[in-house]
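Listed in order, the protein sequences are those of chains B and A. Position one of the first sequence corresponds to residue 4 (this note's numbering), numbered consecutively onward. Position one of the second sequence corresponds to residue 2 (this note's numbering), numbered consecutively onward.
The set of hints was computed from the structure by calculation and includes no laboratory data. The structure presented is a predicted model; accordingly, all values stated were derived computationally and were not measured. Virtual Cβ for every residue (Gly too), placed ideally from N, Cα, C. Hints are not guaranteed to be accurate.
Computed spacing ranges between beta-carbons, pair by pair [unchecked claim]: (1) A:Pro192 - B:Asp164: 55 to 63 Å; (2) A:Lys17 - B:Met237: 52 to 60 Å; (3) B:Ser97 - A:Thr20: 33 to 41 Å; (4) A:Pro278 - B:Glu126: 49 to 57 Å; (5) A:Pro234 - B:Trp66: 33 to 41 Å; (6) A:Arg105 - B:Ala122: 49 to 57 Å; (7) B:Pro125 - A:Gly112: 52 to 60 Å; (8) A:Thr20 - B:Pro36: 43 to 51 Å.
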Amino acid sequence: MSWTPVAAVDLGDLGFGSGAHLLVQRALAGLPPGGRLAVSGRDPALRVHLPAWCRGRGHRVEWPDRSEANELVAVVVRGSADDDRWFGAERAGSALPSALSSRPPARWGLGARGALLEAGGPEARFDLDDRDLVWADIAPHLYAQAAARQWDPQTAVPWDDPFALPADVEAAVVQVMTYLVENEQAALVVPARFVGRIHPHFREVVQLLAVQMADEARHMEVFSRRALLRGAEMGTSSAGGRQSLFTLVAESDFALASFLLSVLGEGSFVDLLSFLHEVAPDPVTRRICWLAMQDERRHVVFGMAHLEHQAQLDPLLRDRLRAAIHRRHDALVDTAGLNADVFDALVVLAAGGWQPNDVSAGFDRVRALQHAMDQGRQRRLVRLGFRVDEAAALSALHTRNFM
Amino acid sequence: MPAPTVLMGAVAYDPKVVTIWEGFRTWLRGRGLDFDFVLYSHYERQVEDLVAGRIDAAWNSPLAWLRAERLAAADGTAVRALTMRDTDQDLTSIVVVRADSPVRQLTDLAGRVVAVGAIDSPQATLIPLGHLAAAGVTVDVRRFDVGVGLHGDHIGGERDAARALVAGEVDAACMIDANHLAFVQEGTLPPEGTRIVAQTARYDHCNMTVRAPESEGVRLFGTLLLGMSYADPQVRPLLDLEGLTAWREGRTTGYDALAAAVDASGFYSLDGRVTAPHYRP
Ligand SMILES: [Fe+2]
Ligand SMILES: [Fe+2]
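Model the full structure from these sequences, guided by the hints.
The structure is reproduced here in structure tokens:
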């Protein structure tokens with residue numbers, strides 16, 4: 004026979020039941036379609052398995068004359084199926100976050116960014132696919148920071164430190180914790196609603212939001228645990244407070260939801276947690292408020308970063324943000340806003356005693372907190388490009404529930 | 002002018018048959034062929050309907066091809082193999098024993114228990130038993146009748162035969178070469194646990210059977226199938242499901258061993274009647 008195999012592979016004792024196809028495949032990869040590979044080996048099943056394997060992959064097999072055969076089993080003629088499979092394949096953009104696509108196509112779907120994608124496959128619907136809408140250059144950095152600063156609720160908090168509070172002070176702590184838990188629940192649900200809509204091309208944003216959700220999960224845990232540390236009953240939840248949070252969760256526009264939650268809500272929350280850290284009557288409350296505050300700062304930074312970027316590109320964004328504040332204000336105008344029990348509990352904690360002077364001082368401190376929250380919101384609104392007077396007016400429309 | 006039409010029969014041996022042919026239907030209709038398919042629960046009625054002219058093409062097992070050929074001949078007409086998969090050509094069946102078996106060669110199997118697939122499986126029953134008979138070896142056959150009427154398309158009978166071999170219930174088992182590899186890889190057969198004592202000559206498997214002479218639609222059908230490319234992302238997943246990388250021109254040179262086995266076992270009469278005892282598809 005007139006054979007001109009251009010390559011050869013010796014399988015030794017290796018059979019197709021134990022991975023012989025890897026050696027054959029590797030040798031075939033170096034050949035063009037039509038190229039010939041002489042395969043030899045000693046596995047007794049090779050004469051049966053080699054052609055069966057080749058048949059399924061579109062390779063042809065030629066048989067040597069028995070007289071020529073020593074350990075030569077067959078010559079494999081490489082088919083074109085392996086090449087055909089990758090015809091029309093494309094890279095899912097660049098792997099690096101510095102060269103993102105401005106609008107990754109739906110067909111990239113769940114393919115890893117930068118991977119070579121076989122043509123075909125589903126058109127996955129990730130409707131948040133506009134780089135300017137979801138991306139912020141700081142996202143990879145914030146994600147790394149967030150991942151590095153995950154703390155363990157079991158070990159990061161001095162749960163066993165001895166302390167005893169008067170019953171009415173303990174009740175105030177329980178009331179504030181109850182309020183914090185319901186706010187944390189909203190803060191987890193809001194990013195959860197968007198994370199599955201963001202195109203995986205912007206994976207650092209998805210990762211960051213996922214860690215943010217893990218942050219909120221820990222906040223829910225530690226605030227609940229503190230509430231129940233000395234008793235078995237939670238405080239009250241007002242209808243107005245829940246209404247305020249519900250309008251937050253119902254916002255289906257990513258930019259507007261980020262604005263209401265991170266820029267206005269979590270921004271105010273940082274001030275609240277800072278306040279609680281100062282007035283906390285026990286080491287556990289002090290510690291968990293400090294831990295949550297660190298996380299919340301990061302949440303605000305990301306919300307600000309991608310909205311600032313977007314506001315520079317889209318002059319109409321501010322109109323939409325303004326409308327969102329008005330819409331939410333109108334929806335909440337007939338509600339009480341902050342739970343009166345929460346307000347009173349904050350005053351009790353800030354007062355630190357039941358003398359009229361103590362209460363008066365506590366009341367002033369809570370007023371000062373509300374003022375600080377308002378100032379912070381105005382600063383962030385100005386950074387997003389609102390005029391100073393308008394920022395003041397808009398901040399005043401923010402929910403009295405803080406979040 | 003209306004588009005040429007083809008109504009094809011396929012046997013529903015697995016739910017994926019619907020996915021495959023609905024996908025091919027879309028592709029074929031997009032290329033000017035008014036194509037549709039009907040599903041059969043077994044091959045015998047599909048073949049009868051092809052010869053009777055109720056369908057234009059039948060995606061046939063090798064056994065169904067032989068019957069179609071005989072029925073047509075008895076009717077004074079003819080059928081031909083329009084296309085086949087690249088994976089339908091040059092298959093072999095093997096007889097396997099446990100690695101520690103005293104059986105060294107085919108003749109050692111005389112009087113022993115040999116597991117085969119379903120009564121109508123060309124690759125796991127008819128062809129290997131024909132191979133044994135041709136060698137003059139008489140064995141005690143233990144049949145695993147899974148999916149009778151599907152002509153061995155259902156892998157269950159072959160797998161049960163392999164399991165019986167591992168369990169020591171039989172002395173040998175028959176299967177197609179690729180399934181031996183698959184059973185080793187999936188763990189049904191222990192690696193190094195079996196030994197191949199016989200391999201049949203190469204034979205062919207399924208083909209797209211049509212009546213001769215072909216209609217315009219059938220000719221276009223053949224041309225379009227042969228033009229399907231593995232580089233086309235629309236059909237590649239369907240080709241993967243159907244287990245081919247390319248359609249080939251049909252050939253009928255690879256069915257002699259099966260025809261001999263069918264005659265020797267009396268599975269079909271020469272005029273295409275079903276004569277196998279205990280065969281109820
Ligand atoms: Fe939080
Ligand atoms: Fe947060």
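The hints, checked one at a time:
1. For A:Pro192 and B:Asp164, the hinted distance range of 55 to 63 Å is satisfied, since their beta carbons lie about 60 Å from each other.
2. Between A:Lys17 and B:Met237 the C-beta distance comes to about 54 Å, which sits within the given range of 52 to 60 Å.
3. Distance hint check for B:Ser97 and A:Thr20: the Cβ-Cβ separation is about 35 Å, which falls inside the suggested range of 33 to 41 Å.
4. Range check, A:Pro278 to B:Glu126: about 54 Å between beta-carbon atoms, so the 49 to 57 Å window is met.
5. The hinted window of 33 to 41 Å between A:Pro234 and B:Trp66 holds, with their beta carbons roughly 35 Å apart.
6. With their beta carbons about 51 Å apart, A:Arg105 and B:Ala122 fall inside the hinted range of 49 to 57 Å.
7. The hinted window of 52 to 60 Å between B:Pro125 and A:Gly112 holds, with their beta carbons roughly 57 Å apart.
8. Between A:Thr20 and B:Pro36, the C-beta spacing of about 29 Å breaks the proposed range 43 to 51 Å.
Hint check: a violation occurs at hint 8 only; the rest are consistent with the structure.
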